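Chains as they are written, first to last, in the numbering used here: chain F, 1 to 177; chain L, 1 to 313.
Wrong hints could be hidden among the right ones.
Straight-line distance between alpha carbons at most 16 Å, and here's what the computed EDC-like set of lysine to aspartate or glutamate pairs gives [stated by the list, open to error]:
id: 1; chain 1: L; residue 1: Lys200; chain 2: L; residue 2: Glu169
id: 2; chain 1: F; residue 1: Lys136; chain 2: L; residue 2: Glu20
id: 3; chain 1: L; residue 1: Lys236; chain 2: F; residue 2: Asp115
id: 4; chain 1: L; residue 1: Lys236; chain 2: F; residue 2: Glu120
Derived Cβ-Cβ restraints for the label pairs, each shown as a range [what the hints assert, rightly or not]:
id: 5; chain 1: L; residue 1: His27; chain 2: F; residue 2: Thr59; range: 27 to 33 Å
id: 6; chain 1: F; residue 1: Leu46; chain 2: L; residue 2: Ala64; range: 16 to 22 Å
id: 7; chain 1: F; residue 1: Asp107; chain 2: L; residue 2: Lys200; range: 28 to 34 Å
id: 8; chain 1: L; residue 1: Gln35; chain 2: F; residue 2: His104; range: 34 to 40 Å
id: 9; chain 1: F; residue 1: Ala14; chain 2: L; residue 2: Arg40; range: 41 to 47 Å
id: 10; chain 1: F; residue 1: Leu46; chain 2: L; residue 2: Leu30; range: 42 to 48 Å
id: 11; chain 1: F; residue 1: Asp11; chain 2: L; residue 2: Ala64; range: 21 to 27 Å
id: 12; chain 1: L; residue 1: Asp5; chain 2: F; residue 2: Gln7; range: 55 to 61 Å
Read the hints as simulated data drawn from the structure, not as lab findings. These figures come from a predicted structure and were not determined experimentally. We put the CB at the ideal spot given by N, CA and C, even for glycine.
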Amino acid sequence: MAPHPEQQLADFEAQAFGYADQLFRVALRLERDYGRAEDLVQETYLNAWRSFHRFEPGTNLRAWLYRIMFNRYYSGRRRERLQLTPTEETIAETVAYDPPTPQHVTDEDVIAAIDRVPREFQLPVVLADIEELSYKEIAEALAIPLGTVMSRLHRGRKILRTELANYARGAGYRVVD
Amino acid sequence: MQALDCRNLKDLLDSYLSDELSVETNHAVLRHVEQCPACRTEMAARRDLREGMRRAGTQLRLSAEGRERLRERLRAEAPGQTPAQDGVRGSAREQSRESFFKRLLSDVFAPLRGNPILAAALTLLLTLGLGYGLFLFRPHTVAAAELSREFMSEAIGDHDYCAPQFRDEESATMAEDAKEYDPAYADLDRIAEVGAQGMKLRAAHVCSFAGRSFAHLVYTRGDDLISLLVTERNAKAMKNGVVPDDDGLAAGLQQEIRGDFRVSAYQTRRHVVLVVTTLSDGETKALAEKIARPVSDHLRNVEVKSPQPAPHK
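Just chain F, with the same shape it has in the complex:
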């Protein structure tokens, strides 16, 4: 006999609500607005609840929730989703130089530096290094191959270190010519 709907909902909440804070943080990064981020999280949970019967117990609920959220966010933004593919120039910028990781940086510098990493690299870095998803979970969440996750993390972390090194040098100013 199928469990009572009320019991089902209680199960869903018990399993899924633990991720609400981290989904909200990532939603805020996408939406840049508290109200819209909260709406996105609500809609993610509603969608997840509606298809919860299709969710296979034992597979990764957290990655599944993220995937629903990214799908939802990018469904109305085809152009932006295309930009999730790294451009030639962001790649070229990142391969050249890897400065030593600066020590004694403030949390504000860290936050600002993360914000400066282009989104296609920023999302994997945030998911791995702040929200502590495994590489495999990130691949599921963003629906990209594991190898792509690893190369984006590699570049994203390098950009982050370079940005921090710029702060650490003071103004981050240099004349190119």
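Since chain F is already given, all that's left is putting chain L on it; use the hints.
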């Protein structure tokens, strides 16, 4: 697993910290770090950075009210449930502000019952503060082509750090290699020349601030320093993170005031042209009309002729 050199190690360090390496590779990392002080330092620095990111990045949480609204929306949706009461269900945007202030007010005023003078004084302070807060965070819709705060900071930063170093240069012409950077950057000094009468060009080069590259013309007029900056119009420059088509809206002037600095910006399909000064709003706007507008008109022409994105070093 053979021994790692320092370069291999640097590539593996982050995956080591994420616990994503095989047992063998993990050991190889540890063996290298044991005998290499430089990599030990780098590992410690990356570990600190990771901890800093987590500390700084996880402070935000969905509010208790947000969690409650989420629960209510789910309950309203679930079959066999009584619908949520009015005023609880619905979009977060409609409610978060009100409930936050309600909670704030009740928290603040609870200890003050029986002390009307203090309560009145606090009401006054709170009203003023609230007014100022609402003024600061007054809602405004993001126009499609609105430039981001970070972007404006980069432009101001470049002006502030770079321009003063060239104040006393005799004269300048655009550096030859600027056009290698972006073909559209060639001749910018000559394009701006007509509008720049009464101003002295002190530098013309490509420079970068906080990761963003600018074609930078530094002018003086009396004691005032004026920067004309041209840079790439990419997603990071735009407030909503998307580069909209150059829809004519972008042809208008966007102005920004930050401390002593005034910025006026024009956009084309691929570039943003800015004037940064410490002059008044009106003067900055007038200068932008004179020097930035011809440059943006010129760039529009160049962009039409060469539809490919600019080569970028």
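Quiz item: Which of the stated hints cannot be reconciled with the structure, identified by number in ascending sequence?
Solution: Hints 7, 8 are the ones this structure does not satisfy, whereas the remaining hints hold.
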